[in-house]
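Assemble the complex: chain A is given as a structure, and chain B must be docked to it using the hints.
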Amino acid sequence: MDFPILSWMIFIPLIGGMFILCTPKEMEKTVKGLALVFSFIPLVLAGMVYVNFNPKIADLQFVEKMLWIPAFNIHYHVGLDGLSISIFLLTALLTFLSILISCNITKRVKEYFILFLVLETGMLGVFVAMDLFLFYIFWEVVLLPMYFLIGVWGGARRRYAAIKFVLYTVIGSLVMLIGILCVYFTSTPHTMDIIELSKTCSFAREFQNIMFFLFFIGFAVKVPIWPFHTWLPDAHVEAPTAASVILAGILLKMGIYGFLRVSFPIFPDAAIYFAYPFAVLGVINIIYGACTAMAQNDLKKMIAYSSISHMGFCLIAMGALTVTGINGAVIQMFTHGAVTGSLFMLVGVIYDRAHTRNIDEFSGLWHRMPIYTGLMTVAVLASLGLPGLAGFIGEFICLMGSFVSTFSGFKLLAILSTSGVVITAVYLLWMMERVFWRELSPKWEHLIDIDKRELLAIIPLLIIIILIGICPKLLVDLMNVSTTQMIHEIMP
Amino acid sequence: MISNAWLIPAIPFIVFMIITFFGKRFRNFSSCLSIGGMLVSFLMSCMILKELVTGSQRCYEFSLPWFASGEFQMEMGMLIDPLSSIMLVVVTLVSSMVQIYSRGYLSTEKSIDFSRYYSFISLFTFSMLGLVLANNFVTIFCCWELVGLCSYLLIGFWHHKPSAAAAAKKAFIITRLADAGFLIGILCIGLYAGTFNFLSIEGLIHEGQISPQILTTMAILIFLGAMGKSAQFPFHTWLPDAMEGPTPVSALIHAATMVAAGVYLVARTYTMFDAGPNALLVVGYIGGFTAIFAASMGLCQNDIKRVLAYSTLSQLGYMMLALGVGGFTACMFHLTTHAFFKALLFLAAGSVIHAMHSNDIWDAGGLRKKMPITAIVFIIGSLAIAGVPPFAGFWSKEEVLMAAYSSGHMPLFILGEIGAFMTAFYMFRLCFVVFGGEMRKHDAHLHESPWVMTVPMCVLAFLAITAGFIDSPWMNHWFRSFVCFDGGHVAHHGGGHEGHHLVMAISLTTAGLGIFLAWLVYGIKAINLDFVKKTFVYKLLYGKYFFDEIYDTIIVKPFVELTKGSVKFDQLVIDGMVNGVANVTAGCGMLVRRIQTGLVQSYVLTMVVGLIILLVIWMWV
Chain A
0 MDFPILSWMI
10 FIPLIGGMFI
20 LCTPKEMEKT
30 VKGLALVFSF
40 IPLVLAGMVY
50 VNFNPKIADL
60 QFVEKMLWIP
70 AFNIHYHVGL
80 DGLSISIFLL
90 TALLTFLSIL
100 ISCNITKRVK
110 EYFILFLVLE
120 TGMLGVFVAM
130 DLFLFYIFWE
140 VVLLPMYFLI
150 GVWGGARRRY
160 AAIKFVLYTV
170 IGSLVMLIGI
180 LCVYFTSTPH
190 TMDIIELSKT
200 CSFAREFQNI
210 MFFLFFIGFA
220 VKVPIWPFHT
230 WLPDAHVEAP
240 TAASVILAGI
250 LLKMGIYGFL
260 RVSFPIFPDA
270 AIYFAYPFAV
280 LGVINIIYGA
290 CTAMAQNDLK
300 KMIAYSSISH
310 MGFCLIAMGA
320 LTVTGINGAV
330 IQMFTHGAVT
340 GSLFMLVGVI
350 YDRAHTRNID
360 EFSGLWHRMP
370 IYTGLMTVAV
380 LASLGLPGLA
390 GFIGEFICLM
400 GSFVSTFSGF
410 KLLAILSTSG
420 VVITAVYLLW
430 MMERVFWREL
440 SPKWEHLIDI
450 DKRELLAIIP
460 LLIIIILIGI
470 CPKLLVDLMN
480 VSTTQMIHEI
490 MP
Chain B
0 MISNAWLIPA
10 IPFIVFMIIT
20 FFGKRFRNFS
30 SCLSIGGMLV
40 SFLMSCMILK
50 ELVTGSQRCY
60 EFSLPWFASG
70 EFQMEMGMLI
80 DPLSSIMLVV
90 VTLVSSMVQI
100 YSRGYLSTEK
110 SIDFSRYYSF
120 ISLFTFSMLG
130 LVLANNFVTI
140 FCCWELVGLC
150 SYLLIGFWHH
160 KPSAAAAAKK
170 AFIITRLADA
180 GFLIGILCIG
190 LYAGTFNFLS
200 IEGLIHEGQI
210 SPQILTTMAI
220 LIFLGAMGKS
230 AQFPFHTWLP
240 DAMEGPTPVS
250 ALIHAATMVA
260 AGVYLVARTY
270 TMFDAGPNAL
280 LVVGYIGGFT
290 AIFAASMGLC
300 QNDIKRVLAY
310 STLSQLGYMM
320 LALGVGGFTA
330 CMFHLTTHAF
340 FKALLFLAAG
350 SVIHAMHSND
360 IWDAGGLRKK
370 MPITAIVFII
380 GSLAIAGVPP
390 FAGFWSKEEV
400 LMAAYSSGHM
410 PLFILGEIGA
420 FMTAFYMFRL
430 CFVVFGGEMR
440 KHDAHLHESP
450 WVMTVPMCVL
460 AFLAITAGFI
470 DSPWMNHWFR
480 SFVCFDGGHV
490 AHHGGGHEGH
500 HLVMAISLTT
510 AGLGIFLAWL
520 VYGIKAINLD
530 FVKKTFVYKL
540 LYGKYFFDEI
550 YDTIIVKPFV
560 ELTKGSVKFD
570 QLVIDGMVNG
580 VANVTAGCGM
590 LVRRIQTGLV
600 QSYVLTMVVG
610 LIILLVIWMW
620 V
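Heads up: the sequence lines are chains A and B, in that order. The opening position of the first sequence corresponds to residue 0 in numbering that gives the first Met the number 0, with each subsequent residue numbered one higher. The opening position of the second sequence corresponds to residue 0 in numbering that gives the first Met the number 0, with each subsequent residue numbered one higher.
If we strip away everything but chain A, and leave its shape as in the complex, we get (with noise of 0.2 Å):
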């Protein structure tokens, strides 16, 4: 195809912006149209995308690739396939339902959809970009817009948990450029470009080594993995619904990404070395993050440790190094990016309403809101990984690729991590008691249900949940093959 699809889809946003940029601050309404717009017209592209994208083939389809700076042989290189696909698709719809759950701000209207637009154009970026140095710029792009939502819109301690988020970030991405620039300055010839990275240069494995861990402070900072956790829980807290979403559903997601991408095919004999470590960090996330998730009384900390449970499963998948594995970690992205990117929203509405988010306030808010608590409960099952629904999917697939791991040992560690499983469960179901079973307390008679805006963006959520949980071909099958021939170049 020759039509630029995928620039066309990154760069729309930022086009949208700079049109929201040129329109008097009062123009609310016309801000927030033209925000939706902007980020409607990628998910149709996005659309036409998964309808041309052709599943049986495994390598880069859609790509465009051009000479940028010459002198250092940097390459404006886009391309995807089966490993990004899921997420760059799931990166588009998030966005545009954030933009539409969000339609109700009032602080600083212009600025914040502005910068929602931005970050939509490095997401995006990211999980197309196909050279080191382009990628990297897509990363840095997301920081910003994500570092201004939380510290202007966010909550009381907003500040705090900005520079939080951001200090650790650029750490994390710091250390990885100076893996890139080592990468480029050590390949032959000097090349930032992935594929050619991946498929050409093998480095000695002591090199490997050290670049693999360097690249990993800088996506363990963004999946988070314990213990570089810390930040996600206060940057959920304080930040707008939206944002919430767009971290939860999409930016974990590109500490994964960038391991699948960059870490496993460019060092496949580092990555084999560190199976082992990459697994347990796994494991400890899954029970760690289950346990303390248990333990929180503010739903939005709750669902954020829940997160870091979830990624754990990610982890242990792919330290196993298996095509099953690695296709579990993939498809955990993209179900635990709907699943809690709706949990999300479904906390924004009922904070909206009810100004608070401490569990042990609430009690029998089914009375009051009872389609509010069917999708609630739709979204907490999918989340405790009910059969039927997304979740499952995920984290069946992921535990079903580490137990079948050739590494000794993957065995045990699966068994432990059923454990998360069910700790889950617990924690979800004993919130659910909490919030919405049991009598109405006065307090809150006076809450509304759900609202035909908000219904609208979390409604395709749930759908797309239900629909993978009953018809998981739609989603295996995009990725199958591209994970087939990543295993059989990592693992020969």
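These are computed hints drawn from the structure, not numbers from a lab.
Derived Cβ-Cβ restraints for the label pairs, each shown as a range:
| id | chain 1 | residue 1 | chain 2 | residue 2 | range |
| --- | --- | --- | --- | --- | --- |
| 1 | B | Asn-582 | A | Tyr-350 | 29 to 37 Å |
| 2 | B | Lys-567 | A | Lys-28 | 46 to 54 Å |
| 3 | B | Thr-552 | A | Ile-170 | 39 to 47 Å |
| 4 | B | Asp-547 | A | Pro-441 | 26 to 34 Å |
| 5 | B | Val-580 | A | Arg-158 | 13 to 21 Å |
| 6 | A | Asp-448 | B | Glu-70 | 46 to 54 Å |
| 7 | B | Cys-587 | A | Leu-20 | 38 to 46 Å |
| 8 | B | Gln-570 | A | Tyr-350 | 21 to 29 Å |
Note that the Cβ used here is the ideal one computed from N, Cα and C, for glycine as well.
Quick look at chain B alone, frame taken from chain A:
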């Protein structure tokens, strides 16, 4: 017809969707749709059973690919054989009776709750039917979890009651804990068998492709899941609490859906248990222990539904016991008859509760006069469960005990007989207290339940009388020739006549003794058992062996403390280090900042001093 079997679970699922989205305000619409759909499913199940019985082929398999990942091909499929076809009929029949009955029982609920009830119960039946039909482990696990979900939603149907909310959560979490074992078992199967399909795995086992040790491990892991669902010791604590749900739900959970799923799972994967050494012994002893353990707790409960709950536990123990001693047919036979008489007992108990507005048996008394139909069917159910001939329970219990006896596992046989004695005693304790004697509460409004409730009870009562004949000599032991397990290592029991009369004599005596004792104590009050209430044993039994308290102390509380500890660790240690690094950096910055005063004089002074120091050093060196 058989190729259209997918319609049987599909109908309740479609009903569930329709009611969920459109049925909120229309109570007649949703209940009639649900009942009608279920009756259609029931008729289709009967037709399938008939085709299997008359046709030459005994096993049909249909499947669709679900998804493929790496070396794994997942499928969604159906396996129709004698085992699943019998279960289909049982599930759809009990479910339709329960649904008809519920129209009367829940008539005072608001429309929205009424419709919610029918949508959940349709989903429940769908999941159970899916579970019954599943042809592979992944499908059965999916339906298995959905069954758990539906029981969660239905036990907590009255969600405003804190006790119901807690009971629902407890049921889900305990079964989920057990399911983790099941899940690990499935992972093992994926790794060692490479397929999840039942028939393929059976083939592999017959070829000897899987080592016996691994088979035992897998079988016990799967059995863990079954223990959770069938509430076997030590996962039994959720079932009595599940009585918080509406009584028809209890009937469905206890008779045909949730708890039967565990037994069915073991029966479905029996080849694995059979081929793995010792796996069946574990099943048998857990079942045998649960049979008397639960029966003993049932002896002194005062809540009519709780007594029935413990009797369910105990009967499930019998089924597991039967499986453990190789009585595959006996187990399925008992499962079938039990489904009918236990559903009947629960519905009759519901009828009492509906009239009395109380669960306490000591509030009732002499109800035979005001509620004759309920009294008769309840006594029929009690006779059936006690194993009195010619009621259904007699035939099936007889086969279970016979299997235990002829397998040579005498401890299991003795456990079974003790359990049978206790069952007879506590069931007739109920009968005499609730329906016998004089009325304790003179309530003018006390009346027999409406026909929507009594008709299903009568149908089930008829089955509780007659269902046993399907494996009687008069029908040439039809059942055991239809549902049987072939090709295993364990010898078949049930056909042998050796010791047959002895076993029958013993069990008739124990049942008779139990009933007689209950009559002496509660019927004519010839024996006063009040002194028992002061003894330690009574307190132990009444307190359910204090398992809830023990679990609370050794598992729940430490775990909650652990989670609090992990939060503290997170805040103090990890975040403390992060903030510490930040503070040190900021502190250094503050220190260094002092130097930058903005006064040119001090800069110059520093420069001069530095220069002098450098000069001195240079001169020295």
